[in-house]
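**Q** From first to last, the protein sequence lines are chains A and B. Taking this note's numbering, I'd label the letters of the first sequence as residues 1 to 670. Taking this note's numbering, I'd label the letters of the second sequence as residues 1001 to 1646.
Think of the hints as simulated: they come from the structure by calculation, not from any bench. These figures come from a predicted structure and were not determined experimentally. Be a bit skeptical, because a hint or two may be false.
[What the hints assert, rightly or not] Over 10 Å on every C-beta distance to chain A, these chain B residues come out as not near it, computed from the model:
1) TYR1062
2) ILE1206
3) ARG1231
4) LYS1422
5) ALA1526
[As the list claims (entries may be wrong)] Pairs of lysine-lysine residues, derived as DSSO-like cross-links and limited to a Cα-Cα distance of at most 30 Å, are as follows:
6) B/LYS1637 - A/LYS621
7) A/LYS424 - A/LYS479
8) A/LYS85 - B/LYS1640
9) A/LYS562 - A/LYS470
Where is the CB? At the ideal position from N, CA and C, for every residue including glycine.
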Amino acid sequence: QDKYAQGFGLGSVNPDLASERQTASFSVERLTTVLDGGAEHTRVRRAVVEAIERDPVFSRENQYFQTQNERYEAAVRKAVHLQKKMHEMGWREDGPEFIYIYRALAGDVAFLLHRVFMRSISVLGSDEQVAKWIPLATKHQLIGSYAQTELGHGTYLQGLETTAVFDTTTQEFILNTPKISAMKWWPGDMGRSATHTVVFAQLYVHGKCYGVHPFIVQIRSLRDHSLCPGITAGDIGPKMNFEHIDNGYLMLQNVRIPRENMLNKFCEVQPDGTYVRRGSQKINYFTMTTLRVSLLSDEVILPLMKACTIAIRYSAVRRQSKLNPGEEEAKILDYQTQQEKLLPQLAAAYAFHFINNYLHKLFDRGYKEIQERNFSSLPELHASSSGFKAMLSQYCTAGVEICLRACGGHGYSLLSGLPSLYTKILASCIYEGENTILLLQTARFLIKCFAAASAGQPVPQSVTYLAAVKPGKCPAKNKLDFLNPDIYVEAYQHTAIRLLSSTAAKLQDLIQSGVKKHEAWNQCTVQLVQAAKAHCHYITVKNFVETVEKLENKAGIQKIMKHLCDLYALHGIFSNAGLFLHDGYISGAQMDMITASYLDLLGVIRKDAVPLVDAFDFTDKSLNSALGSYDGNVYQRLYEWAQKSPTNQQISPAYEKYLRPLLHNKLSKL
Amino acid sequence: VCNGDYRQSRGILFSSSVLSPEALVINDPDFQHEDLNFLSRSQRYEQAIRKSSLMVMKLREYGIADPEEIYWFKSFVHRGRPEPLDLHLGMFLPTLLTQATPEQQDRFFMPAWNLEIIGTYAQTEMGHGTHLRGLETTATYDPATQEFILNSPTVTSIKWWPGGLGKTSNHAIVLAQLYTQGQCKGLHAFIVPIRQLGTHEPLPGITVGDIGPKFGYDEMDNGYLKMDNFRIPRENMLMKYAQVEPDGTYVKPLSDKLTYGTMVFIRSLIVGDSARSLSRACTIAIRYSAVRHQSELKPGEPEPQILDYQTQQYKLFPLLATAYAFHFVGAYIKDTYRRISGDINEGDLSELPELHALTAGLKAFTSWTANAGIEECRMACGGHGYSRCSGIPDIYVTFTPSCTYEGENTVMMLQTARFLVKSYNQVAAGQRVSGMVSYLNDLSRQRIQPQHVAARTVSVRINDPVSLVEAYKARAARLVEAAAKNLQAELNHRKSKEDAWNRTSVDLVRASEVHCHYVIVKLFTAKLSEISNAAVRAVMTELCLLYTLYGISKNAGDFMQAGILTDAQITQVNQRVKELLAIIRPNAVALVDSFDFHDTHLGSVLGRYDGNVYENMFEWAKKSPLNKTEVHESFHKHLKPMQAKL
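Next comes chain B alone, as it looks inside the complex:
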């Protein structure tokens, strides 16, 4: 039935075959434990710490040091879940490598590598998140003692949220406003010891703890940190770039753009994470929909698989196509970043602004879409999706903060919009722009025609992906132009640039969204020609068409209003989407099998590879904490006395 070769399509998702950390972890009895759903938060934290400790030991034992291999190993040990050492491995160590002087590396790196020092990265404050310049923590230089005095001057300035800060770390890299010689020099990073080595007690002047229960991230001790006149030596400021000399003289760093690189890298990871999280949810929902039988399609026949209902296909298959699209986008950003990071090291930062603007938008677009998509998948599993045994609640609560961290999504969209408006204005001023925004160049030619909307009609062929890319391009051009013009109109009416920007921001966010949507359609379509296996290419082409046409169907207003597509074409698109659902149906399970999630990693009773759902739900439920005794103690404590009295 399946005409896509499973191994082949797997091959296009995982380009390089590293050693199999998955096998190492899954077969290791040390990494087994009780189902996390039945544990309290403290127990989950303890399990995570236990596994992290083991993991560090085994990484050394196996000699795994490549960052990508560590990433995969970690992901299998923790089954895609956060863990208390994430910030130590992912932020503390890399920051030391990139921002510490050689002397500082000598002092901190090896102890941190050997985990005598466990560190975290304390940036976010209670009152301040994405807008970094608003951070309030201060580091005031005292030349008399050659120390920085760290303070949390207000309740809003308490560091809040950093992972591993509450209970695990004994050091933190703290971001604070630097004051020297009476002047504020902006945000800088400082290495601050917070707990006594040996006893792990907080140091005098430090108040530190866990911020309490959250939606998810149960195993992570997200923490707070308050500092009262806490002194650290001058040498604890990270001084590879900016420096404070012993007398308090401030030496400026060379370039601000360097930090872009890290941000691009982390945001590209989030795009990949969007793809993976959505893929997991799709795997569960699609496998379960093939096992679940309900109601009747034909009178008198047995109940059909719910995957045979058009409404179910309409919920799930566009998401499946989206998951594939995001995989390709994630890979593209990572490759592009790799390609130009060589240039960055040599000081050529010319391509960085566009990539930075693009990844901000794509991070927001993919995480929003995946977030909603995971919920759709859960909803498509009916009541059982709501049980923790489905695994989808867990995927959702773990994934959803990525809409906020590493840059709040709306703010990210507005950053992309700023780049788009800038590019538009360049074109309007007669310059040409390159890269993903080059479609804006065409606008200048069309501007001479008064009826721009009607004039832009492209003859779209709805079965041709390349032609559909043109339709998305036209939509992006139209909405970027509209936002830029509305912004200009506001500017003509009002004094302040910021006010005008704010009054146009809904339009600007939409402009960014349609730009990102275009980029994704373009990358997905481009990917098709790279697939050599004909059967795989055929099925990927169907998915690509579904992704593209579904996007048109859902945003029909944009395409009609801009005169890109007619009513009649929209009706055709709607019809074609439904035909594609039926075409994809026979391959649906094979397409999620290709994501190749191991049952342990999937953590779902509904999504098991063998499909034995109901038996295993019953087995799972029997382990529930409420079932520990046959008669619950509440009966003796409350129910029985009540019945006796009434």
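Isolated chain A (complex conformation):
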């Protein structure tokens, strides 16, 4: 056994990884604090992560071997234990530690929808409703969920079929699931845990439908957890991931709730049945809009960062085939094809981290305005949250899968950590709004703004560029010119405007030729989606450039970030060459220069690849990967972990029952 431990002893870093760290061109610690937004944040984050990871209740060690029932139970146990832990550590929901807790748990905890439940009451509920429900929820005297999606309806909310009919005689709403497709389906924590949920239903008063509204409905007894009368609920069965969450179904049959249970900050049904609206109807969707932005960091960007960390560290340890005869086998990270798979993902992870900061600023400002009942920024917030959620989730999902496949066979083992990162992140393409539909919503906003800008009217700040249509050609003369941000930002801007204006023109043409508006829209949707993506892509590149300009020029940070920014921008042009070549803005010869510059950058960033993922500062426990640990002792760990598999610890009943008769040729007795 000893010889297997040689050079792989835990604690000593694999020399193949150690050498990568010695040549870093920048200070890893400094970059980590930049990512965290300051040294104090880094300190708090590390303290939270350490406290969580030291506690055995929060361990994820056996996660890959557990069944759905075991995962669910562990998640509930963790959620309950977390309350104790927070109390013990003095962490508060409004304290600086709070945002890092979920990250430290890697999301492997129950009652996440409980928070959405509370948030929707805070945003949509009146002061009295907040005063009544929030303390109960805070103390976990009830467990909440958020029931919007139905079996037959998802992103298209107006199509929801659940009904809430107001009964003036008893001052109650009567909730019903009129048909099977109206059954609530998917809400987290609802299958087994929740006692209450916010149900979205079509409101009917005196026979008139007022559209979708939120209602607080109790579904399980607070005493023995049995289902309340008229309620049918359960778990929707195994999924690709989220085994720890009891996504549920819910059927309502003449369930009566008091009038006060409709969340009524913005609209109310008065005792006599009069419907009163205060402010914009759109506010009902604001919870959703903020959710889209708040999930980006933990659910979309962090998984890509983790996947990059695992794949890049493994690629520095894995040696395969020879680059030069006579030398030892090369690290696979030295192959250009491997760099081309992984390094653009790394650059994107940084680009998205910065665009996420941008979105948070945008939303903080917007949130304040809305609290003051100024709704003017809603369209822009809605369009931004939709477009960036779609673009980032789609890109990061693809990116994680690229990382998975870049690890060859071992990436396919659950022990690599990559399959579960992938199956988890890919749900983000669907939840909180299906991506294609979201992009079309962004496109609708852009088309409106484009028309306004063309007519010289004011438009929100993020789209003022639409007024700046100027035809022309890219002025770059050689491949180095493409490392000038002005050159590539201009190219992205030009392409975004071109795609939008040509789609707007086509829409116009169709309508003028007599095609009905909605039909014209459907005929242009493929292009509209493309235009919305191009807009988001442009803003992301521009924001990356502006962020790099503002970075401190110390410890090599700005320089390496500039390289990553260049790589992100040029990779985008290289991969979408047709869009940039289309009207000749970029010529064929310039495209060859871009390709050359792009490939050169791969070699430059290669040298700092491992330090760049180290800067994400994930602990081994949070990666939970046999391939991606800091010390790079990949094979030793893989072997040790495999031996822990339950398949190796118990005698398989299959041998006695089937294999033995098979081997002994007693098939006929089976």
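Given chain A, put chain B in place with the hints provided.
**A** This is chain B only, laid out in the frame that chain A set:
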């Protein structure tokens, strides 16, 4: 509505109608079981073993012995999923047949045929996959005892991944570096007993087990194997070709190229598998999209089928066309292999290198495309696609390893590229090349013109498949040439050939991709003229055009940069793609029905033939393990105590 005759189009997918193993299996109560989604990994392994045992018995009972019939029977029993005896049937037995001496066949073949011996094929190691020469396991010959001593000298040399190795097999064919008379003679195959017959316990010197949970392949006991001075008799080396004589003298094999044949065969199976897996995913997504209603197209009208949205059609129909394209490509490779395998037996290996290079690339191209396509289909089913009841997660996790096994895809693309560069250099040296690369011959004529890019403009007619094949051909020629020239430029700058190759490898992979893309377009187009039924030919022509034009639209940069198509033509292509979507729409469901997957085989609630999706989702969910009791035990263990305390 449907103008394509269902039976007719089915007919072009399945050339020969063997006996119907499907009916035999589906009607057999012995092969029924609980939905696999609700079982743990150990339970799934047990189910698979149970069915495999039954399957072997029934194959004998029905007298099924033809390899292709066995393949179909197996595929229906296991519903297209892997099973623990795969490597025994697919690798262990065939390897004995092709590489064992008659004496070895006497000793091993019949016991293996009768399953007293269950074997696997142990090649991949923890630290080494596609690059075979890097394998570290050693087999050292000891003339004193006339034995080989097998060792796993490092942790990276532990055999890792072989199917059926962990728990099922009692023998393995082990690939190891042969050492005799102090010299390394390279990789050779050895028959190694690993478990005691009778007790099934690992033999002394053998450490064997399961490698743990994976993305998919739950029913397969992929295993590890570590050997410590484990001795086997000299006669256990497979010695039909290379031999070690009793005194340790090594006798070389005649030719290396023979192993190409097996690789071509297996890779052609993967191309077929790409087609089938993508077809299954398309069937599910398209049927579901016809059942799912959402949002509104026209104000005031009922919610339309989501299949009526242009964006949904744009996601799914190009994939449908791709599935058909890959079916034809898979059939072509299989036929070509059959045609030339007669020559191979007679020692004529002349056509093998090209076919070998081509299948490497096509294996990579089709498996990458299908892999991404399956995910697109799942995504197109929205939230319900994410549920295991959709069946698509299962198709994906079962299919995705084919991007890695039997040759990692990037490495495969580079093998094809090596052949392309070689062919290009031959042309540059004044020779002519034949086969699928013959378009390179034209380059030499054009080289005299200085502005090669502009000069190559072909007048492409975007509604004529044959003209479009020319456009793809021009693109392939341009990118193969560019890669070859970049490689040459690197060689002029640097000393090492390998370094230059590495610095050009992104270009080289692209060159292979566009070459494969051209081959597929060419084969699909050629297939059209073979279809006799006019209605079927019409609908296949639409699909072929969609496949071809969509490929241009998605890779517009290549076609514009090379001057093959103008901006205006690209705009036309984009427009034509959208028109084709509307044309194909009425036939979409019929086109997936033609794939003829039985509901049991499809394993999907969303993709049911009868379209009764929602009722059956509810029925399915009720069986979930979390629903076994009305109040989950977690309530009593955790929730209640917490509520009491707070």
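**Q** Please go over all the hints and tell whether each is borne out by the structure.
**A** These are the hints, each one checked on the structure:
| no. | hint | verdict |
| --- | --- | --- |
| 1 | TYR1062 | holds, 14 Å |
| 2 | ILE1206 | holds, 14 Å |
| 3 | ARG1231 | holds, 19 Å |
| 4 | LYS1422 | holds, 19 Å |
| 5 | ALA1526 | holds, 27 Å |
| 6 | B/LYS1637 - A/LYS621 | holds, 27 Å |
| 7 | A/LYS424 - A/LYS479 | violated, 39 Å |
| 8 | A/LYS85 - B/LYS1640 | holds, 18 Å |
| 9 | A/LYS562 - A/LYS470 | holds, 27 Å |
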